[in-house]
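Dock chains B, C and D against chain A, hints included.
Number of protein chains: 4
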Amino acid sequence: MIAVLKPSATDEQKNHLISWLKSQSLDVHVSQGENYTVLGLIGDTGIIDVDLLESLEMVESVKRVSEPFKQVNRKFHPEDTVVEIGGKVKIGGGNFVLIAGPCSVESRGQVAQIAREVSAAGADVLRGGAFKPRTSPYDFQGLKADGIELLLEAKKETGMPIISEIMNANHLPLFDDVDIIQIGARNMQNFELLKEVGKTDKPILLKRGLANTLKELLMSAEYIMSEGNRNVILCERGIRTFETATRNTLDLSAVPMLREMTHLPVVIDPSHATGIARLVEPMAMAAAASGADGIMVEVHNDPIHALCDGAQSLTPSQFEKVASKVRLIREVALQ
Amino acid sequence: MIAVLKPSATDEQKNHLISWLKSQSLDVHVSQGENYTVLGLIGDTGIIDVDLLESLEMVESVKRVSEPFKQVNRKFHPEDTVVEIGGKVKIGGGNFVLIAGPCSVESRGQVAQIAREVSAAGADVLRGGAFKPRTSPYDFQGLKADGIELLLEAKKETGMPIISEIMNANHLPLFDDVDIIQIGARNMQNFELLKEVGKTDKPILLKRGLANTLKELLMSAEYIMSEGNRNVILCERGIRTFETATRNTLDLSAVPMLREMTHLPVVIDPSHATGIARLVEPMAMAAAASGADGIMVEVHNDPIHALCDGAQSLTPSQFEKVASKVRLIREVALQ
Amino acid sequence: MIAVLKPSATDEQKNHLISWLKSQSLDVHVSQGENYTVLGLIGDTGIIDVDLLESLEMVESVKRVSEPFKQVNRKFHPEDTVVEIGGKVKIGGGNFVLIAGPCSVESRGQVAQIAREVSAAGADVLRGGAFKPRTSPYDFQGLKADGIELLLEAKKETGMPIISEIMNANHLPLFDDVDIIQIGARNMQNFELLKEVGKTDKPILLKRGLANTLKELLMSAEYIMSEGNRNVILCERGIRTFETATRNTLDLSAVPMLREMTHLPVVIDPSHATGIARLVEPMAMAAAASGADGIMVEVHNDPIHALCDGAQSLTPSQFEKVASKVRLIREVALQ
Amino acid sequence: MIAVLKPSATDEQKNHLISWLKSQSLDVHVSQGENYTVLGLIGDTGIIDVDLLESLEMVESVKRVSEPFKQVNRKFHPEDTVVEIGGKVKIGGGNFVLIAGPCSVESRGQVAQIAREVSAAGADVLRGGAFKPRTSPYDFQGLKADGIELLLEAKKETGMPIISEIMNANHLPLFDDVDIIQIGARNMQNFELLKEVGKTDKPILLKRGLANTLKELLMSAEYIMSEGNRNVILCERGIRTFETATRNTLDLSAVPMLREMTHLPVVIDPSHATGIARLVEPMAMAAAASGADGIMVEVHNDPIHALCDGAQSLTPSQFEKVASKVRLIREVALQ
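Residue numbers (the numbering used here), protein chains in the order written: chain A, 1 to 335; chain B, 1 to 335; chain C, 1 to 335; chain D, 1 to 335.
This is chain A alone, in the form it adopts within the complex (with noise of 0.2 Å):
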């Protein structure tokens, strides 16, 4: 940890301030330029709190030399994590995934035929809502419980793994039989439920808050890795900006940028990020080519009865040729 000091700063000031530094078990580097003085921490830094040490009348500024997170850190751990999905399936490290399903989990007839759909058309995830996150106390909430079993019939019929998200940790039995384990957007800090998952060794999809940070995406991984469980992968989702033509705006910067930060697997989830299904194509191919360890879209089956599709939904026919595009990309991806 670096701290610069003012000019202004009295050497009885910079003293005191050496001493309480050398009291907290650091050894302090001391760097006198011209006008600043600059202080080279060394030890423990972590129990030093950046702001408070910022606040102090003599400090200029104050710098983390090295990142607040570990577990996650590829600094620490080189080689890509590759995580298993239900014993068949695989993510990182070269593999790639394609996760789709309905938003919301309506029925068994329609969970069951998207279910056949995607599968036959390359999906190696099935993706469904039973538990909804809604702004309003008035909106659909999803059929809960009884929408996490028409998952499981469809995961028996099919055999492909499932992913549902998860609001609530008093919620965690149900989801013994889910293979992914997903933390919206909304929930990615929510401590308490990642620490709750971090206790189990189910694969977590965590995706990251509107208006969060890389760091602040992985700290939310170190909370869940902190406590054992190792199996995570980041979602993408599209961040809050000032745009307005799309819901939200997709930082696919993000993947090439996570590759470096971090040995975690990454998925971008178009649909959610763009809100419309005309941007889903071309975004899956954008994600693919940009490096992404795995693409997650809805798909529809029957929307509003035949009248249209959903604001963000794919036909399956539509995300058959979404699918063989996005391997196309990637092959030449990895070239």
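A hint or two may mislead.
One copy or two, it doesn't matter: identical chains are merged, so the pair holds either way.
Below, simulated DSS-like cross-link-like pairs (lysine-lysine); rule was C-alpha separation at most 27 Å, straight line [said to hold, decoys possible]:
id : residue 1 : residue 2
1  : K321      : K202
2  : K199      : K88
3  : K22       : K6
4  : K14       : K70
5  : K6        : K75
Read the hints as simulated data drawn from the structure, not as lab findings.
For chains B, C and D alone, coordinates are given in the frame of chain A:
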């Protein structure tokens, strides 16, 4: 609800859509312009998914006319809500409240001393964090149940009502004698937690999320009220923007804007918004001038053994000065 | 245009407003709902100030049905615009262009060498900054007229068309033989400059401002086209968000979104968007996959005496690899 | 300047870098930590390109210790700058200024009447737009030279100094008798224009760009000052965020923050920041409470034939009330 159809929509498409809408028990008023056809939908439009309708090929845009929030809406409840706190303090409807105390509860001595000092300086409510949401799993997570205990002791000694943050609905029994339960910014859309505190009758201080709109803040308040708890206090604590000079950007125009939209009281937290103790005084004054119903500030007694003040905490004597200026400003604002 | 009136609007107010609107030569269709009254305004609504109308006490909200952009609008010009560059290169309508070269023109030797190398590696157009917009007045502001001169020499030698940024309409005569004039992000809403380049018939590459919406980008293109110049190329180069891991956030969904909104070609600049040379390859590939009509990248030959590569510049051999991958991706994207 | 080298840097790389830095006439202090090597660079570090240095494979991060702004910096000029306006009004150093007038100059009668009314209500300076930056080329662009003429007549009649926006340096001669030249938000980084107004000795009111940091605002002020003009007034007018309830988000913490960073006076424009007339009073009061040196508001006399007030304009009598409250707040703030 209004739906604008594209010039390219055929008569067949229009008729198909209109009969579907009518089958949903809606009245449809058709208004034919030179290029566009406008449908006015009357009835219970809550059942219509705007995104879905907007995604129809023939639809240019859809607009809800009525707000999705009901119980928090000033239109349906014109009088200010007054929330009673601990039987002695009121907020809203002209009642102004000063909340002060340490960021984290650290020890019995610390809480007791600060409680006495902020009480003497004019604070109405004592704040103190027992459960601390921290970005890093390795940072101090608060004294938890013991911290609540120490706050309750300080309440007993000084007679001040207390406020503390909850992070997990399973902890609710610990908050039985806490006067205001705080929902932190990161949990503003933890809908499961909102529903649980909505089942109590305790005053809830709901902080705006870092990247949440005022409408979303009100929808989260609606979650609490829809479960029966009418004692909701809103809190603006800075939003995330591109500016890095301050930790967040305090959005003070939220105060008069929320006053129009809702009857609920609004509190400003300048300490977390700016992250800089030196900015707390001017921003607390500005908050009072903007018409806020209360201000919540961090006060620390013995910042790092007198070495510095916390990055965003005032000393009790600084707080006393802020408190008296804020009350003077408020007198002018009310004229 | 649609205006929704509040439930509280009196008949007298409504009649007053309606007769005023009619006096502005508009037809007014009234649609009466249970709570709200909706006015459909037909005619030349361009003369109505939306903000002003919305500010009326009785008005709930106002919505323009038609887009404010005309000449750039794909609705009125369904075919892709193809811009011819220097008589030999085309962009748009299926024609893809690679633009490469140094951030700043530094010397005759530098430009000449990079020009030869990027030409050999497959670049279609040579970029080079002669007038440099710099945040600080003390930073290098470019070689100015001399820089343009060196670019023209490189053009003569290699036969490549050239692109360079203009910052002042008074410099236009210097750009007589420059093939594409670039308007930088900071000048996207320098309307005086837009009008002046609109009076020429040169291809104009218009960069999106750091905090400008796609609509605003199109309105700025409309400024150029409304003066008679139809040769406009749009360029996405990253927007400003809260994320600091990359310099800006590349908004790739802008590519398919702009394709729907406008007939103008769209170029992506991954170098400025990310500010990190290592991210240029994956982001250039993603841009091609998303359907961009061109990519503009920074290439440097002898970065600080071989000490390092520029923060966002590729070496010619890195560029060659990017160029070949981008062309492969493009083949898949076009399938 | 401080450069942190990665643990992976070899001794050869380090020595190579250090000798290159020394060849740039810098002193290099090496501080060796357990993992990281920290270089303290002393001397004229202005010549080093931070981005470039940071892009070196061996470099973890680079940090400038000193701010890049000099003449605007309070460190080098501790006393408040007082700008004299038209020989009779002062701003800064305890002098507070109210600026009021119409958004656009529309007619002789309009300007003359508003000028008399705002003067009577306590305004110190008359504002009025003659050259109007409009997002659409089809919107009213102002009366231009005629508008300036009408403002000058109003100045003559009332004796009030006037302020108006410039959009093109070629128009400077028209501003000979204008007392303050305004640089609008969209031109904050139009460096060519900044340099030209920097060559005059007129007071310049520089508005913060919609997505510009405080540092960038100061760097633009530095452009003006570096050309010799010391009469710079800064203006915060709202920044672009995700929130859509208000047109922009007024960043009032900019006031105390800028006061620390610079000696230049700071004015707040609540009309443009919020875009809503009803919010002007509370935000003007909040601005005064935060310590602003002045407030600029829009006042309109006969809004759409008495039908409504402009979206963001006060009537003269509303302005009078705001003016008196603002002065009362200011008295408290100065205590």
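Practice task
Return the numbers of the hints above that this structure violates; sort them in rising order.
Solution key: 1
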